[in-house]
Amino acid sequence: MATQTTQHASPARWRPALLQRIDLQQYVLYIGFLAIFLFFAVTLADDGFLTTRNLSNIVLQTAPATIMAIGLVFVLSAGEIDLSFGSIFAVAALSAAVVMQEHSMLLGILAGLGAGLSIGFFNGAMVAYLGLPSFLVTLATMGLFAGVARSMTDLRSIPVINDAFTGFFGSGSLMGIPSLILWTLVAVIIGHLIYRESRFGAHVIATGDNPRAAQVSGIKVPRIRLAVLMISGGCAGLAGLLYAGRLQAAKYTLGESDLMTVIAAVIVGGTALKGGKGSVIGALVGSLLMGMLNNGLILMGLAVSEQMIVRGLIILVAVAISLRDTNR
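Quick note on the numbering used here: the sequence shown kicks off at 50 and runs consecutively.
Just so you know, the hints here were simulated from the structure itself, not pulled from any lab data.
Quantities reported herein were computed from a predicted structural model and do not represent experimental measurements.
For glycine and all other residues, C-beta sits at the position ideal for the given N, C-alpha and C.
Among the hints, erroneous ones may be present.
Said to hold, decoys possible - Derived Cβ-Cβ restraints for the label pairs, each shown as a range:
1) PRO208 / ALA262: 20 to 28 Å
2) LEU348 / ILE80: 17 to 25 Å
3) ILE347 / SER220: 17 to 25 Å
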């Protein structure tokens, strides 16, 4: 009789164990994406939400945020945080625009990317080798370089009149595919392969999961922390070039409204706040979800304050899911 009881009970115990092995957070992301899309498709059918032009605009507008989100996936997965990428974004765009007024497109690109990587290196060195918390370091540099962006051009917008630059980074296309989409696809593919398939990606995850154990196992934890913050700075620099190319101008206000959007995209996409877990593909889907949400709320006629409330609620839900999944 005891044996029969055990045999009948085992399937009941087996099913929950199977369900626990399923990454429910990924399914929540995709189900949520589909649900929001269907909601806007039905409620805004007469307002042009489903038009090809509107849907393509959502993808194009989210391209810079997606690239910044890729960098943030590496930072959060390593157990750190970067709040300065919005300011890096503006400085990189302005640096490229200012340099191209007097010099070549190549020097402008190098100036923009160099600004991003240099600020990322500064952040990383402060965190990795001085032992300062990344939250405080990047909070300080966020304000510092926001001020630098304002002082670079005396609050003026700098036009970008180099047609080759704007075509390559913003308004151009290849075989009918807009350059912004191509940049996003390339960044996502490279980021995903590095994160999932390389030793460096494994070291990033190990560092975020347990830095002491990672150090004992031979991983150079300070180097990883330096590297991920440089990646974040480089991604913000590239995003700044894309914005400058798309808008054909650079201004100090670029990136000011992207901090919440990018963080929300990464968290919604399944990257854990505590480190040790992340997804570049999830960040892409999260970025598209946030772009779709912003677009839909605007078409619904919601005020900016109301849009901020909705985005804040989504971040709260995503954080709750992230922490619950991490604590299991």
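Each hint, compared with the structure:
About 52 Å separates the C-beta atoms of PRO208 and ALA262, a value inconsistent with the hinted range of 20 to 28 Å. Here the CB-CB span from LEU348 to ILE80 is close to 22 Å, well matched to the stated 17 to 25 Å. As the Cβ distance of ILE347 to SER220 is approximately 22 Å, the hint placing it in 17 to 25 Å holds.
Taken one by one, the earlier hints fail for this structure only at number 1.
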